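**Q** Construct all of the structure, not just a fragment, from the sequences and the given hints.
First residue of the sequence shown? That's 1 in the working numbering, and the numbers climb one at a time after it.
Hints in this document: simulated from the structure, not taken from any laboratory.
Don't take every hint at face value.
Said to hold, decoys possible - Simulated restraints, written as ranges between beta carbons of each label pair: (1) Ala947 <-> Tyr532: 40 to 46 Å; (2) Arg552 <-> Gly800: 55 to 61 Å; (3) His631 <-> Glu151: 41 to 47 Å; (4) Glu524 <-> Asn620: 17 to 23 Å; (5) Asn639 <-> Tyr532: 41 to 47 Å; (6) Glu841 <-> Ala918: 42 to 48 Å; (7) Glu192 <-> Asp111: 50 to 56 Å; (8) His631 <-> Gly504: 51 to 57 Å; (9) Lys256 <-> Lys301: 23 to 29 Å; (10) Gly800 <-> His727: 30 to 36 Å; (11) Thr906 <-> Gly504: 52 to 58 Å; (12) Thr906 <-> Gly71: 47 to 53 Å; (13) His529 <-> Gly71: 33 to 39 Å.
Claimed, not checked - Derived DSS-like pairs: lysine-lysine, alpha-carbon spacing no greater than 27 Å straight-line: (14) Lys301 <-> Lys223; (15) Lys324 <-> Lys396; (16) Lys285 <-> Lys324; (17) Lys256 <-> Lys245; (18) Lys831 <-> Lys300; (19) Lys848 <-> Lys914; (20) Lys329 <-> Lys285; (21) Lys66 <-> Lys145; (22) Lys300 <-> Lys851; (23) Lys812 <-> Lys851; (24) Lys492 <-> Lys590; (25) Lys223 <-> Lys164; (26) Lys679 <-> Lys266; (27) Lys719 <-> Lys950; (28) Lys301 <-> Lys198; (29) Lys324 <-> Lys426; (30) Lys559 <-> Lys944; (31) Lys285 <-> Lys334; (32) Lys162 <-> Lys145; (33) Lys608 <-> Lys526; (34) Lys198 <-> Lys66; (35) Lys587 <-> Lys605; (36) Lys719 <-> Lys831; (37) Lys198 <-> Lys266.
Keep in mind the model is a prediction, meaning the values are calculated, not measured.
Glycine included, C-beta positions come from ideal geometry on N, C-alpha and C.
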Amino acid sequence: MSVMGKGYYISKQLAMATALLAVLAASTIVTLSVVYTKEKSKGQSADVSSLPPPPSAPVSSDPWDKYRLPGALSPRYYNVTLWPRLTTDNRGVYLFTGNSGVAFVCVEETDLILIHSHKLNLTLFGGLHAKLSGMHGMTAPAVKKTWFQLETQYLVVQLKGKLKPGKSYWLYVEFQGELADDLEGFYRSEYEEDGVKKVIAITQMQATYARQAFPCFDEPAMKAIFHITLIHKPGTVALSNSREKGTVNLTINGTKVIRTTFHPTKKMSTYLVAFVVSDFTYISKQNDGNNIMVRIWARKKAIEEDQGVYALSITQPILEFFEKYYSTKYPLTKSDQIALPDFNAGAMENWGLVTYRETALLYDRNTSDNGNKQGILTVLSHELAHMWFGNLVTLKWWNDLWLNEGFASYVEYLGADYVEPTWNIKDQIVLYDLYRAFAVDSLVSSHPLSCKEEEVNKPEEISQMFDTISYSKGAAVLRMLSEFLTEPVFAKGLGTYLNHFAFGNSEYSDLWDHLQNAADEAPELKLPHSVYDIMNRWILQMGFPLVTIDTRTGNVSQKHFLLEPNSTVERPSQFNYEWFIPIKWMKRGKEQDQLWLLQKSAVHKTMKVSQGEWVLANLNVSGYYRVNYDHENWERLLNQLNSNHRIIPVINRAQILNDAFNLAMASIINITLALRTTKYLSQEREYIPWEAASRCLSSLHFVFDRSEVYGALQAYLRKQVKPLFNHFTSITGNWTTVPAGHTDQFTQIIALSMGCRVGLQDCRDLTRTWFRQWMQDPENNLIHPNLRSTVYCNAIAAGGAAEWDFGWRMFKKATVAAEAAKLRSALACTKEPWLLNRYLEYTLDPEKIRKQDATSTIGYIANNVIGQPLAWDFVRARWDYLFKVYGAGSFSFSGLISGITARFCTPFELNQLKRFRADHAELGFGSGAQALQQGIEKTAAKIKWLAENKDHVLRWFTSESV
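**A** This is how it looks when you write it as C-alpha cells:
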C-alpha cells in the first residue's frame, strides 16, 4: 500500500510537497493518514447502532483467545453479496446488508470453526449465527453454539461433532453493518458536486478490515477465490476486482435496484478484496495485444476536466514494463484505478481495482504542479508493482511486510523511470527512501526488517509494521542487493520466484533461494558469500553500519551507527551488529573495483592515498551505510567541493553533506566540519544536493529557531542561497517562467522557498505581490502551480486575518484536490496564534477538514514554530478523543506524535513527553507507541548534543555570516 498507502503507500508527492513548502522547517516529512475507528457493537437484532455487545467467552488459552487462526481449515472460495444503502434509514444511519458463504477444506480434525467477523450484526438461524453444511455429498456435524470473541474479532462456531480432514464444508451467514465514515472496511465517502451531496461506498481492507465487510478467514496466507455480487441503486455503477459479468434490474421489497455480478477473482488474499459503488465515470484504453482494459475512474467533473488523462497515459506502459521486468504476464484482464474523495492511505493495491486519494491519481494541467505529476507517477508505479509482488505472490504473515512494501518502494522508481526517462527519477530514492530510513534506523528503538511471526499478532501490532523501516529501508536494502547482483541477475531471480509461487505465499528466504540460483548461473558474478548469508545480516538485525576509511593506512572498519553512540542496544543480534558490506568507491574522481568488507576491519592497500589524492566510498549511495574518513581525507574532499564540485558525482555531493551532518549529530566528527560542507553550495545548482542540504540544515533549524543561534544561522544561509535565487531570477525572466528541466523546477522551488525563509527581501516581495494580485482577482490565479505552495505559505505567514480568510475561502472552493492540499498546508503557516488555534479546532469538524486530513493538518501546524506548542497542547488536551477516533489501528497515526514532538530539545520538553506517556499508559498509544518511544529517544539525544555543540555552532555561523 502507498503510506507512508504504498500497499499502504505513503505518497512521494505529499512528502515532496511538504519538503518544498518548508525547506528548512522539517527534518522528517510528516506524512499522515487517518483511520477513524468507532467500535460498533454486534448483537442479534438488526439495530446495529444501539444494541450492547454480546457476551464474549472468558479470557483463557482457548483457540479463540489467540489472534492467529489455528490452521485447521483452509478456504477455497467465497460467495459474497452486499447491498450498501447510500441513503440513511429512519434513524439517520447508513447501513449495508449482505450474505456470504465460504467453502473450506478441513486440514486437521476439529470441532471448532474460527472465522473473523468484526462490527457486523449477524442474523440468527434458530439462535445460531451461522449455518454449516457439507459439500460433495458430505454431511456436516450440527452446530452446538456460536458467539463473538470481541478481543480477537472472531465468530466462534462450536460443533457437536468433528470435521473430517480432506473434506469440504460450506459456512453461510447473513449480516448487517453500518456504512460508517471511518475509512476502513466497507465505508462511505461523501462529497459535493454542483451543490448536490453525493454518497459513495468504498472498501479499504488492508490490513485487518475485510472482516468488517463480511466474515472471512482474514489472514494473508488464507487465499481463496471470490465471487462478488453487489446490489446498488439505479444511477450508480459497481466495481470490484474482476470484470463485470452482468447486471440485472430488480425490485427488492419495493425498492428498484441493480444487481451486478462479477467474474470470479484469481486466488487472492482477503486484504486485496475491493468494491466500490458510486456515480463516477471513467476514461479508458484497451490494449489489443494483451487484452488488458485500463480505466481511470473519478468524480464526473474531474473526468470532464481531463484530470485522469495523465494517469491513463502511464498505466499501460508501466504494466508493460513490469511484465518484461518480472518475465510474467499481468495476471488479470483489467486494471481499474479510482480516485476517492475520502481515503485513509495514499493508495491501495487491490488486485484489479486500485484505490487512491485524489491527489495521488488526478492531475490538472492548470493547477497541479511538477511534484504532483511526479507523485502520481511514482504512486501509480508502486501500486502496479504490487500486482505481481504482493498480489500474485503474497507474504505468509505480516512480520515480512517489508517484502511487499520494500520491494514495491524500490521498483516504483524503475517503472517511473521507464515512463519518464528524462526525469532522472531513480536517483531520488536516496532522498525519499534511503535518508528517510537512516533517520529512524539510527535509533535504538528501531527494529529489524523481518521479525518473528509471534511478535506480530494484534491489529495494532500489524499496523505498526507499516512504517519507514518496512517501506524505505526495505527499498534501500533491495536496491543494494540489485546493485551487487546486477540488475539482470536480480530481475531473473525475481521472474523465477514469481512463477514458482504464483497465487501462493512465500517467506523472504524463498526469494533468497531464487536470487541465489540466478547468481549461480552468472559465472562472472563473484560473491564472497551466499545471498542468504549476506542479506540476512541486513534484514534480521536492526540498524546499519558506519564504514570508516583511513586513507593513511588503507584500514577499513565498520561499526553499528547510532544517533546516540553511548546508547545501550537492548535488542540482541545473532550477527553482533556486523554486516557483509559491498563498497563501490572512487579515488581522485576515477571509479575503482568494488570491495567487500567482511569483518570488523580489514586493510585494503588500494585505499591508501598519495599526496593530493582523495577517496570517496559508496558511489551513488548504492549501499545502505554511512561513511567516515580520516580528517585529512575530509579536508581533501572539502577542497574538491570548493574548487570543482562537479568532479564528485551529484548523488555523492548530497552524501557528503548528509553523512557529515549525521556524523556530527552523533558526535563522531566535529560539527564545524559538517557545517563547512555547505560552503560550496553557493556554486551548486543541482536539485539532489540542495534538497539534501536543506534537510541537514533543517535539523539545526528545528533545535535553534527558538534560540540566539537563529539570527546567525539565517544570515549565513542568506549568503549561501542568494546566488541560487539570483540564478533563477536570471534564467526565468525575473520569475515569470519555470525552467524546462524536471529537477531544475524542483531546485527553483527550493530557491524561492529558502530565499523567503531566510529573509531575502526580493523573495518576500514577490510572494506578497503575487498573492495580493490573486486576492484582488480571485477568479484569475496567475501564480505558477509549481510555486503556489511556497507563495501561499509565505504570504499567509506575512499577512493577517484577511490573507488567512481568503486562503480558507479558496480552500473550500477548490475543486482540484492538489490545489486544496496546497492551501490546507499553507493555512498552517500563519504567525497569528488565534488563527492557528482556530484552525486546530477545525480539525475536529469533518465539515471543515475531512477526517482523512485531520491529523496531517495538526502536523502542518506543529511544523510552524509558533504553532508547535499550540498543537502540543491541543493534542494533549484532546488525546482521549484523538486516540479513539484516529489512533488505535491507524497505519500512520505515529506521524502525529512525530510531528508534534519534532522540535523538542530541552529537559523540560523531555519531562513533558515522559509525563504524557505516563498519563496515558492505561489507554495506550496504539500504532503510535513506537513513535512515542522514538520521540523520547531523539529528544534526549538532542539535549546532550546541544550541551556539547551549541556554542561551537553559534561561533561558526557568526564568523561565516559576515
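**Q** Run every hint past the structure and note whether it holds.
**A** Here is what the structure says about each hint:
no., hint, result
1, Ala947 <-> Tyr532: 40 to 46 Å, "45 Å, holds"
2, Arg552 <-> Gly800: 55 to 61 Å, "60 Å, holds"
3, His631 <-> Glu151: 41 to 47 Å, "58 Å, violated"
4, Glu524 <-> Asn620: 17 to 23 Å, "21 Å, holds"
5, Asn639 <-> Tyr532: 41 to 47 Å, "43 Å, holds"
6, Glu841 <-> Ala918: 42 to 48 Å, "27 Å, violated"
7, Glu192 <-> Asp111: 50 to 56 Å, "53 Å, holds"
8, His631 <-> Gly504: 51 to 57 Å, "54 Å, holds"
9, Lys256 <-> Lys301: 23 to 29 Å, "26 Å, holds"
10, Gly800 <-> His727: 30 to 36 Å, "33 Å, holds"
11, Thr906 <-> Gly504: 52 to 58 Å, "53 Å, holds"
12, Thr906 <-> Gly71: 47 to 53 Å, "52 Å, holds"
13, His529 <-> Gly71: 33 to 39 Å, "35 Å, holds"
14, Lys301 <-> Lys223, "38 Å, violated"
15, Lys324 <-> Lys396, "26 Å, holds"
16, Lys285 <-> Lys324, "20 Å, holds"
17, Lys256 <-> Lys245, "20 Å, holds"
18, Lys831 <-> Lys300, "38 Å, violated"
19, Lys848 <-> Lys914, "33 Å, violated"
20, Lys329 <-> Lys285, "18 Å, holds"
21, Lys66 <-> Lys145, "19 Å, holds"
22, Lys300 <-> Lys851, "23 Å, holds"
23, Lys812 <-> Lys851, "15 Å, holds"
24, Lys492 <-> Lys590, "30 Å, violated"
25, Lys223 <-> Lys164, "21 Å, holds"
26, Lys679 <-> Lys266, "57 Å, violated"
27, Lys719 <-> Lys950, "21 Å, holds"
28, Lys301 <-> Lys198, "13 Å, holds"
29, Lys324 <-> Lys426, "18 Å, holds"
30, Lys559 <-> Lys944, "21 Å, holds"
31, Lys285 <-> Lys334, "10 Å, holds"
32, Lys162 <-> Lys145, "14 Å, holds"
33, Lys608 <-> Lys526, "24 Å, holds"
34, Lys198 <-> Lys66, "41 Å, violated"
35, Lys587 <-> Lys605, "12 Å, holds"
36, Lys719 <-> Lys831, "25 Å, holds"
37, Lys198 <-> Lys266, "32 Å, violated"
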